[in-house]
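Chemist: In case you want the letters, here they are:
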Amino acid sequence: MSTILLINIAWQVSTLALVTLGLAIVFGKLKIMNMAHGEFVMIGAYAPIITSSLGLATWLQLPICIITVSLVALILERTIIRHLYGRMFDSLLATWGVSILLREIVELVFGRSYQSVPQPVTGTIDIFGTDYPAYRVVIFLFVIFGFIVLAWWNKRSKVATQLKAMVENPELAQAIGINTGRLSAGAFVFGCATAGLAGLLLAPTVQVEPMMGLDYLLKSFFALVVGGLGGLDGLAVGSSIIAGTQSIVSVAYSQTAGYLAVLVLSIFFLWLKPDGIRASS
Amino acid sequence: MKKFHYLIASIAAAIGMLATTAAFADIKVGVLVPDSGPAGLFGPSSRNAAMLAAKKINADGGINGEQIELIFADAGVAPAEATQAAMRLWKGKGVEAFVGMHNSALREALIGRFNGEVPYVYTAVYEGNSCASGLYITGETPSQQLAPVIPHLMQKKGVSNWYLIGNDYNWPRDTNVLAKEYIAKAGGTIAGEEYVPMSVSEFDSSLQRIKESGADAVLVTLVGGASVGFNVGYAGFELDQQAIRLGTLIEENTLAGIGAANANGLFSSSGYFAAIETDAAMAFAASYKNAYGADAPALNSLGQSTYEGLLLLAALGNKAGSLDVAAMDAAAEGTQWTTPRGDNTMSGRHVAQNIYLAEGTGGEFGVVATFNNVASSDACNK
Amino acid sequence: MVYALLLSSLLAISLLAVPMLLGDFVAYQLGLYLIYGITAQGVGFLWGKAGVLPLGQALFFGVSAYSTGIIFQNVDSLSLHLVFAILTLAILGVVAYVIAAVVFKRRTNSGPYFSLITLALAMIVEQLAGTTTHITGGFNGLYGFDSIAGLDPFGSLYYLIVVCSVSVTLLLMILNTLPINLIAKAVSENEPRMQLLGFPTYALKAQAFAFSAIIAGLGGWLFASHQGIVTPTSTGFALSAELVIITAVGGRFHVFGPLIGAVVFGFLASEMRDNFVYWELLLAVVFIVVVLKAKGGLAELIVVFLDKIFPKLLSISSNEFVRTAAPPSNRVLKAGNLIFCDVHLQIGVVKILDGVSFVLPESGIVSVIGPNGAGKTTILNTITGNLFPTTGSINFEGKRIDKRPPYAALKSSIGRKQQVPSVFFSLSASDNLAVAMMAGRARVPDYFKRSTLTWYNSALTNIIDHPNVPLKTALNKTAQTLSQGHRQFLEFAMTAATEPKLLLLDEPCAGLSSEETSLMTELVREFQSQSDGLVVMVEHDMSIVEAISDKVLVLHQGRVLSFGSFLEIKNNTEVQAVYAGGTK
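Residue numbers (this note's numbering), protein chains in the order written: chain L, 55 to 335; chain W, 11 to 392; chain D, 61 to 644.
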């Protein structure tokens, strides 16, 4: 296996994990089948456009992204999402309506044309003999670092434990004084903000237009199905399998084969191991 | 009191003027543009160009002395729904001719439904070889875009080893069949050929293949967001140092999405660019800007094509003396007219037209070569 | 039935009048919306009745349209066209059945996952339709064929579409009045209960899916003729999504709902799309509101509105409480010993059953007692197949029963009543009983006869006609509105009606008043004397245990502590210690 293939796989896996993280929280923990997940990624990717149209400095892109996405997520959570906890089918349908809504709003505000976001870091770096885009290396390192921090936080923080308790047994959690309403809202907003952050980071490497979210949505769902909803390790496993399969099959055969392979693989997991690869089903 | 009389008088005059213009709006022309869907971003420019064309045609006396009125319908929805919309214009609103800027699937559906009973001008760039009674095509075909351009680029840029990449459907595949012929004829070689599903938006494996193939030129027949994503990734891997890129559907919006930093060595072959510096083109661009302002949806070859289509309709209608399909079919061959793109001649129901090669390095298109009066080999035999 | 015919005739008349009143072109437009409406009615049946949400229904629609187009391109005779149409629909039904059965059999609560599978399948088909240009014409579509029997899509084809639409509507409305309707609703309402009643729910859901696939195939068949061209957009996610939206907004709980949704949505869309910039936005908002607030969609709103104005108009005549004798059950009812042989059940590190062995008599009432966590309910679970033992075997009537799924339990003549009454909450009490009467008894034709709904047998009449049982006056009430006690009696009646030779009762007197408790014990005793089979009862209340048990089985920490008559175990010192809090 050539170096470049391995590096490409690493990139695909890490970006998929980054994009899927938000859904792992919203779907994995809160059991909301958030069909608007891709749209939060899209809104995050539009943050540079928002920043430049407001005439603000480039470094403000990050706070603008977080603020915008969090605001949208919070409004949605308070009006729509909070009625949907525990209603999986309904959450699928309602968030799907939300995804159309968000797409339309972005289209009306920014138009349908493609936006271009320049790379903050240009040029290539030599890695093990091949030239790889420097910006991608930066994102990759950020993702690794971010996940380590997240894993540490998950183990240590009180909020993380409360979240686990609430997911496990909401009524008992309420009974011992955990404000489940606020915790759920917080988790939802955090999940969507993560998706937005992913969009911001990825924007210089992909096309930015209102319809860009759908592909991320599907891949994220499939990654979670394969990896299981059990937290960060499930996320890592699922992303590796989905992104790895697509990369390897695309290189070995063709892009069409890669695309179909992911779909077929996902169907098998949905059928045989819907709780993920490590569940004893 | 006097003021009131003046008011009444001016209102009456306005109404009278409207009435007379309405009375003269005799011919309804249906214009099908994508207002929604994947091609939705071309809707506004298509509409604007069409309205500009109608104004010009009417100012020149209309078609056979009658003014035209445009009625728009959304062609960006699924073919079944778009066909319904077109039928509504035809059967419901008495449209007498159609100009369509949309995808091939809808064109084939409409050919079936129109059944040669109403003139239908198709203006979008497409794969060629679509022939039917009443169908006239101004859209560029692969042979036009590539036959003169490929040898020119190969000679000018000293490239000869081509990699072909496109989306997985008819247009890219038909394009590549011809491209391979032209490349072989010019003494070039094919480094690789691949097709990518529409729904895929990451190209790492394809870019890797291009790198390893040692190609020095890439023919891009990707569409929409895929085209943007591919070209952004291409430059990210610094492949622009290795190979030039030629696309046959890279217009101003796509270039804007790709971004100046990623457009180094990116060429586009098309019948129209906003940056064409002929008198006709610049006059057109100026009148577009006057009519719609500096912030109007940017001119591009797809959007501008509705202007071309309407002007063809007028030219053909006037030559035939009516909008009756039999008459127009009989009169079609050899019809000549001039548009912002240059001089056009109808040949085999397609249009022998000027083809421009533009370079996008720096983020804006600049025309680097012009090929006059290029006929299509994908035209209809008599 | 009359109601169904009346409404269908109304529909037929109004649809047939359209060309005359509104012109041929409106009829042409309406034809397309009716085609979508027919397809959506299949979705509505599957989703609203059987509780399965299909996200890829366009797959069947599109495949049918493509095969129809290909056939029309290559074959000329009308009779062959019709033969191939039927063949196509049959194949689609079989394929749909197989897919759904295989997925549902694996796992009971796979609803959302199945939906995602249908979505992925539709995406695969859409990709293949675009790629295999030599078969499907690729992106440009499949064209060059004439419509069925050469009917004019702008003219007489409309009448064929109307005939199909009215037929499907009539069929669905008739199905609403038949027992099969209850079965579908029961499956979606409470699948575990249906399984314990011996229904292989995976097969039932798969049949519903196949039925909806056939209806979608019919839609696709008409579509090919109506459009004259089939493109990959007819197979993919976008159309599937649109069908779900139409069904949701139109109303998935009423047969007319999806039709209304398709027609309203279609006309509104074509009018507003060109003129109203915020059309898609409005649609999204309406959809969200419907999902959150108005689950029954437009049809529900209309029904509620009409109900306010004409209260009697829509009341369907209830069963007149006629009773007919039910046929005997499908099983050979022979009694036999229940034998547990060294059964272990371990989940993770927890040993729930740690070597349970006993032989129960062929007939009589055996109570199972023991402290919490002893494994009493688990014993019942292993008998019915809700849990599988890790090692060991369970035999009944000489056959091994320990590795079979719950819906096989009734076939072995095992019935079970749950601790928390598990009934069909949205159905009336009499409908609950009707479902129970079909369990293990009805053959395929019986599901399509109205008389099946009136079945009664002696086991049931013994309970319902008992003077103290409060159900007789409450038969029309939905199970949800019954009190806990009434639900216990209802579930007991349902279980008893299946005439099991081994009846498992899990705390039948939980939540009952003292009068209800003595009534229940009396009913249990009567049932056992009638069936002469075995009743195994988990109980906590010692007075009940003493009153009716022939034998008592004491469990403690996953093992049998003692087995004997009530007096024997009462005097057993170990048992005393466990209950009085001695050893642990």
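I should point out that these hints are in silico values taken from the structure, not numbers from a laboratory.
Any given hint could turn out to be false.
[To be verified] Think about it this way: if two alpha-carbon atoms lie no more than 20 Å apart in a straight line, the pair counts; the simulated EDC-like pairs of lysine to aspartate or glutamate are: (1) W:K101 <-> D:D84; (2) W:K38 <-> D:E331; (3) W:K101 <-> D:D414; (4) D:K463 <-> D:D506; (5) W:K101 <-> W:D70.
Keep in mind the model is a prediction, meaning the values are calculated, not measured.
Chemist: If a hint holds in the structure, say so; if it doesn't, say that too.
Modeler: Right, here's what the structure says about each hint:
1. W:K101 <-> D:D84: Given that 20 Å is the threshold and the Cα spacing comes to 10 Å, the pair holds.
2. W:K38 <-> D:E331: holds (19 Å)
3. W:K101 <-> D:D414: violated (80 Å)
4. D:K463 <-> D:D506: At roughly 30 Å apart (the allowed maximum being 20 Å), D506 (chain D) and K463 (chain D) break the hint.
5. W:K101 <-> W:D70: Outside the cut-off at roughly 28 Å; violated.
Against the hints set out earlier in the document, violations occur for numbers 3, 4 and 5.
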